[in-house]
Amino acid sequence: MTHLPYCLAAWLFAVGMYGIVTSRNMVHLIICLTVVQSSTYALLLAIGFRANAVAPIFADIKPGTPAVDPVVQALMLTDIVVEVTVTALLLGLAVLAHQQTGKLDPRELGVLRG
Amino acid sequence: MAAVLAALGHRIPRLLANALSIATAAAVGWMAVTLLLARPLVYWFSGWAVVAGKAIGISFAPDAAGAAMVAMASLLTLASLIFSSRYFDTVGTLYHSLMLVFLAAMAGFGLTGDLFNLFVFFELMSAAAFALCGYKSEEAGPLQGALNFAVTNAAGAYLVLSGIGLLYGRTGALNMAEIGRRLAEGRPDALVTGALTMISCGFLVKAAVAPFHFWLADAHAVAPAPVCVLFSGIMVPLGLYAVVRIYWAIFSGALAGHQADLRNLLAVIGVATAVVGAVMCYAQRHFKRLLAFSTISHIGIMLMGAAILTREGLAGTGVYAVSHGLVKGGLFLAAGIVLHRTGTVDELELRRMRHGVSWLAAPVFVGAAGLAEVPPFGTFRGEALMSASTQALGYGWLEWVKFGAAVVTAGAVLRFAAGALLGWGRTPDEEGHEIPERPETQGGHRHTPAVMWVPATALIVLGLLAGMVPGITSEAEKAAAQVKDRAAYAARVLDGATVAAAVATAAPVNAGECARGFGALAAAVLLAFISLRPQRKERRLHRLWRGAMRPLRDLHSGVIPDYVTWLLLGTALFGGAALMWVR
Amino acid sequence: MMWLQALILLMVAAGGLGVVVTRDPLNQAVAASFYGILLGLMFFLFHAPDVALSQITVGALALPLMILLALAKIRKREQETQEENRKPEADGQRE
Amino acid sequence: MSAGTRIAMFVLSCAAFTALYIAALCGLSPIGQVHGWAAQYGDAINRMSVPALHITDAVTAVNFEFRGFDTLGEEFIMAVSVLGAALLLRKHPDQGSGPPQDKAAGRKISRPGDAVRVLTVGLVGPVTLFGIYIVVHGQLTPGGGFQGGVILASAPLLIYLAGEFGSLQQVAPRWLVEVGEAVGAGGYAVIGAVSLAVGLPFLANYLPPGRVGDLFSGGIVALIDVTVGLEVAGGLLLLLLVFLEEALTRRP
Numbered sequence: 018m019t020h021l022p023y024c025l026a027a028w029l030f031a032v033g034m035y036g037i038v039t040s041r042n043m044v045h046l047i048i049c050l051t052v053v054q055s056s057t058y059a060l061l062l063a064i065g066f067r068a069n070a071v072a073p074i075f076a077d078i079k080p081g082t083p084a085v086d087p088v089v090q091a092l093m094l095t096d097i098v099v100e101v102t103v104t105a106l107l108l109g110l111a112v113l114a115h116q117q118t119g120k121l122d123p124r125e126l127g128v129l130r131g
Numbered sequence: 024m025a026a027v028l029a030a031l032g033h034r035i036p037r038l039l040a041n042a043l044s045i046a047t048a049a050a051v052g053w054m055a056v057t058l059l060l061a062r063p064l065v066y067w068f069s070g071w072a073v074v075a076g077k078a079i080g081i082s083f084a085p086d087a088a089g090a091a092m093v094a095m096a097s098l099l100t101l102a103s104l105i106f107s108s109r110y111f112d113t114v115g116t117l118y119h120s121l122m123l124v125f126l127a128a129m130a131g132f133g134l135t136g137d138l139f140n141l142f143v144f145f146e147l148m149s150a151a152a153f154a155l156c157g158y159k160s161e162e163a164g165p166l167q168g169a170l171n172f173a174v175t176n177a178a179g180a181y182l183v184l185s186g187i188g189l190l191y192g193r194t195g196a197l198n199m200a201e202i203g204r205r206l207a208e209g210r211p212d213a214l215v216t217g218a219l220t221m222i223s224c225g226f227l228v229k230a231a232v233a234p235f236h237f238w239l240a241d242a243h244a245v246a247p248a249p250v251c252v253l254f255s256g257i258m259v260p261l262g263l264y265a266v267v268r269i270y271w272a273i274f275s276g277a278l279a280g281h282q283a284d285l286r287n288l289l290a291v292i293g294v295a296t297a298v299v300g301a302v303m304c305y306a307q308r309h310f311k312r313l314l315a316f317s318t319i320s321h322i323g324i325m326l327m328g329a330a331i332l333t334r335e336g337l338a339g340t341g342v343y344a345v346s347h348g349l350v351k352g353g354l355f356l357a358a359g360i361v362l363h364r365t366g367t368v369d370e371l372e373l374r375r376m377r378h379g380v381s382w383l384a385a386p387v388f389v390g391a392a393g394l395a396e397v398p399p400f401g402t403f404r405g406e407a408l409m410s411a412s413t414q415a416l417g418y419g420w421l422e423w424v425k426f427g428a429a430v431v432t433a434g435a436v437l438r439f440a441a442g443a444l445l446g447w448g449r450t451p452d453e454e455g456h457e458i459p460e461r462p463e464t465q466g467g468h469r470h471t472p473a474v475m476w477v478p479a480t481a482l483i484v485l486g487l488l489a490g491m492v493p494g495i496t497s498e499a500e501k502a503a504a505q506v507k508d509r510a511a512y513a514a515r516v517l518d519g520a521t522v523a524a525a526v527a528t529a530a531p532v533n534a535g536e537c538a539r540g541f542g543a544l545a546a547a548v549l550l551a552f553i554s555l556r557p558q559r560k561e562r563r564l565h566r567l568w569r570g571a572m573r574p575l576r577d578l579h580s581g582v583i584p585d586y587v588t589w590l591l592l593g594t595a596l597f598g599g600a601a602l603m604w605v606r
Numbered sequence: 236m237m238w239l240q241a242l243i244l245l246m247v248a249a250g251g252l253g254v255v256v257t258r259d260p261l262n263q264a265v266a267a268s269f270y271g272i273l274l275g276l277m278f279f280l281f282h283a284p285d286v287a288l289s290q291i292t293v294g295a296l297a298l299p300l301m302i303l304l305a306l307a308k309i310r311k312r313e314q315e316t317q318e319e320n321r322k323p324e325a326d327g328q329r330e
Numbered sequence: 003m004s005a006g007t008r009i010a011m012f013v014l015s016c017a018a019f020t021a022l023y024i025a026a027l028c029g030l031s032p033i034g035q036v037h038g039w040a041a042q043y044g045d046a047i048n049r050m051s052v053p054a055l056h057i058t059d060a061v062t063a064v065n066f067e068f069r070g071f072d073t074l075g076e077e078f079i080m081a082v083s084v085l086g087a088a089l090l091l092r093k094h095p096d097q098g099s100g101p102p103q104d105k106a107a108g109r110k111i112s113r114p115g116d117a118v119r120v121l122t123v124g125l126v127g128p129v130t131l132f133g134i135y136i137v138v139h140g141q142l143t144p145g146g147g148f149q150g151g152v153i154l155a156s157a158p159l160l161i162y163l164a165g166e167f168g169s170l171q172q173v174a175p176r177w178l179v180e181v182g183e184a185v186g187a188g189g190y191a192v193i194g195a196v197s198l199a200v201g202l203p204f205l206a207n208y209l210p211p212g213r214v215g216d217l218f219s220g221g222i223v224a225l226i227d228v229t230v231g232l233e234v235a236g237g238l239l240l241l242l243l244v245f246l247e248e249a250l251t252r253r254p
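Chains as they are written, first to last, in my numbering: chain U, 18 to 131; chain L, 24 to 606; chain C, 236 to 330; chain S, 3 to 254.
Hints may contain errors.
As the list claims (entries may be wrong) - Label pairs and their in silico Cβ distance ranges:
1. U/P83 x L/G519: 27 to 35 Å
2. S/G38 x L/Q282: 23 to 31 Å
3. C/E318 x S/D116: 28 to 36 Å
4. S/G127 x U/I78: 30 to 38 Å
5. U/P83 x S/G127: 55 to 63 Å
Simulated from the structure, these hints should not be mistaken for laboratory data. In this text the structure is predicted, and so the values were computed from the model without any measurement. Glycine residues also receive a C-beta, built at the ideal position from the N, C-alpha and C atoms.
Chain U extracted, bound-state conformation (with noise of 0.2 Å):
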């Protein structure tokens, strides 16, 4: 019960890869990816937590209040920039796929083989 939360992350992983191997749309796909990249998210916000403690921000709070870690909410902020741009990238190139090919399958994408 107290690993619960942690589980998650493998959870999602494992629904996100799920999605890959079943896919049958380049954008499709492609979503299914960012599921897998939630799961880093879920891990790091799981890591960090600390029970009985406040948001990192002292703006309001005596500073020395136990709080959570800002340490992982810093590497998640980086961790979504990542997302929204690889997640571009592999968008501009399904739709370039399929406009030279006019195929969005992953399956049948194949040119090179062998």
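Since the structure of chain U is already known, use the hints to place chains L, C and S on it.
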């Protein structure tokens, strides 16, 4: 220190002209050499260093191995920028900016001492690489290659990040030296092996090790030739470098009792990679794809060297990687010239047409000799270093696999040079898959500008000379000793200790090794000769070979879901094996 | 741990599954947007307001918008292909 | 590989992988109960950010000060993907380029009503203000250059939603957005390089920290915040514009 910072100053590459970008690459290279010659140092960004044993800021902790990688990266970038100055006709500044950011990312990746920072540079490198790979966006092939590349590498990156999360949850640190120190205090458990598995497999995706190698051939076959130079020559070895670095800096203390297990595991992966790469390499008729599979095979050889986990093994791997990168870079540039002149790199088509690039066979022959580990190539020196400790540890059979891989890949390159460029022999009825391709250049196909053939031959010659640099092996051994010494690394980064100079014994080159190198070349020539002369008797052999190759070819399906399934399978097997050690 | 936090964890778990099993990309863009909001809520309830804010702006706004634009492009291309396919048929009949 | 083989192989390996992952996760301390070394990095930063830097948002302190170099890398990832998207979606000589016209699917059919248009255009001002507010208060309250930048980028898009692609190009012409993005990414590096000029390590804080709670507290963090805001707003808008032009004008 100024060197590191100046390297960063160059990350503002915007609207740079050819000359400016070439100068930048050269400057970064010069700085890397300065770093290489300087003593190892630690640089803390933002001025936040260590407070009460905890690293607060981000540090660069360059040592000889990292600096050598950066020097290599800038040399290859320099060569490809010179090459492409006349290569693309519609070259925009976007291309130069991407190349320079790619270089900056590789430099940061090689120098950083912080695990999350390593991930950031990994992603920066990937983002630049995806875009460069899809550069010829008006064709279907490059787009598909870039998609395969991007999806598998993104999945690998998320594995790495999850592993970093696990380590942070355990140790509360992101600095590699600090994580290593904390992990060494505890017992290894499922978390340690899990983190090792996820981070290693994530980086091994970049290193294109079987069964994570599928993307590489797709990406290399379609990326512009000068970009391939960087992919094959330095980006892929950097993946291996990251695995070596994190193992020695982070996990070597906690897993000290399981060295033999890890050695076996990595050796098996290396063998699989070398064999699959070599066989697939031989079966190709598209020159760039052929070279791509040979890179996979050579990465397997390097992995076998690093897997031995000894100083000599690591040093040999380093020398091998540098020399291989130069030779392979030269070969890819040669492929670029062929494509520029004839509009194709397909072996059968080239054989049928009359082209004026027969002279290229000479540098390609020399390059093939480099792949066959013939003295005095750097690959030979590296191999000789590796083999001594491989045999001492009772892994002599690995040497035979390496020998075979070198022979087959060199043979395939020789076959291409003799068959396609010189037109020797008869047309083999070998059926590979054709990849429709347009020339990367427009106009001016009649001659080869000097900016194209000079870098191509220069790289191959440099690969040859790399083996003759006096003291290269002993310097490499010193660098390897630095990489291996986890305690000294931690003391340098966290306690500001100065590093004692490592001593190395220069191993003499023995005659047996030389004979081995020439033997490999002879065998490769023989292989190329046989494959160019299909006798009636051997027809059946050919058919048999094709039948046997069919399943292996089919595995390289170009289908992303397949690749991702392989990725998971490989990770699960690696993780399962690692978990067995600690149970 | 509060029940509210447990609830949002479950909802995110279900949301992830929902995004994956929505096979039609257009519906999936909507599902992804909803999932982005759920993630943002989760960050908020776990004391990460900074991350929550950026997740909501990115996950619920920027990303679905990009997906929709990509889909618009793909759909347009499909329509054009259909028209092109129809045209040769018509030409053929005329002859 | 046939679909059946693939699924079978996937189910096996994914099950094995997930089991390994969960086994590893169980090695972490129970949720919320982090202590010892594992807790000290975060605690140290929470302790230091107000006294040392006068920054009340510890996350901003990590992002722009303690681990500012990561954020610099992150900005470059953003810049590279914008460059990459521009490179990929660039126009090729053999592709005809007509004047930009709004041809997104479905848009021909229904123009938004006047009320919607007035409302969305009217929202542009407040949204821009809100974005700027979020950017400049980064070191004080949740938010900062990144979040504010995304909000800023969404303001011009409201104009597009109101059906005025032409006005969008007037309000946010591509060169202006490009310049903003470049200034943002370059500015960060320049701020870092100034640290060198005054003899400090790269990205070290050289400005006085100001008063706790002030708009200009935190020294260079406030500056970096603004450049990141510019970069993110510019970069994201450029990405969206590239996609938009792609969706609207490109013909195969």
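Evaluated hints:
1. Taken as a hint, the range 27 to 35 Å holds for the pair U/P83 and L/G519, whose Cβ atoms sit roughly 32 Å apart.
2. The hinted range of 23 to 31 Å is satisfied by S/G38 and L/Q282, whose Cβ atoms lie roughly 28 Å apart.
3. Taking 28 to 36 Å as the suggested C-beta distance range, the pair C/E318 and S/D116 conforms, at roughly 33 Å.
4. S/G127 and U/I78 have their C-beta atoms about 33 Å apart, which keeps the hinted 30 to 38 Å range intact.
5. Between U/P83 and S/G127 the beta carbon distance is about 41 Å. The supplied range of 55 to 63 Å is therefore violated.
Consistency with the previously given hints fails for number 5 only.
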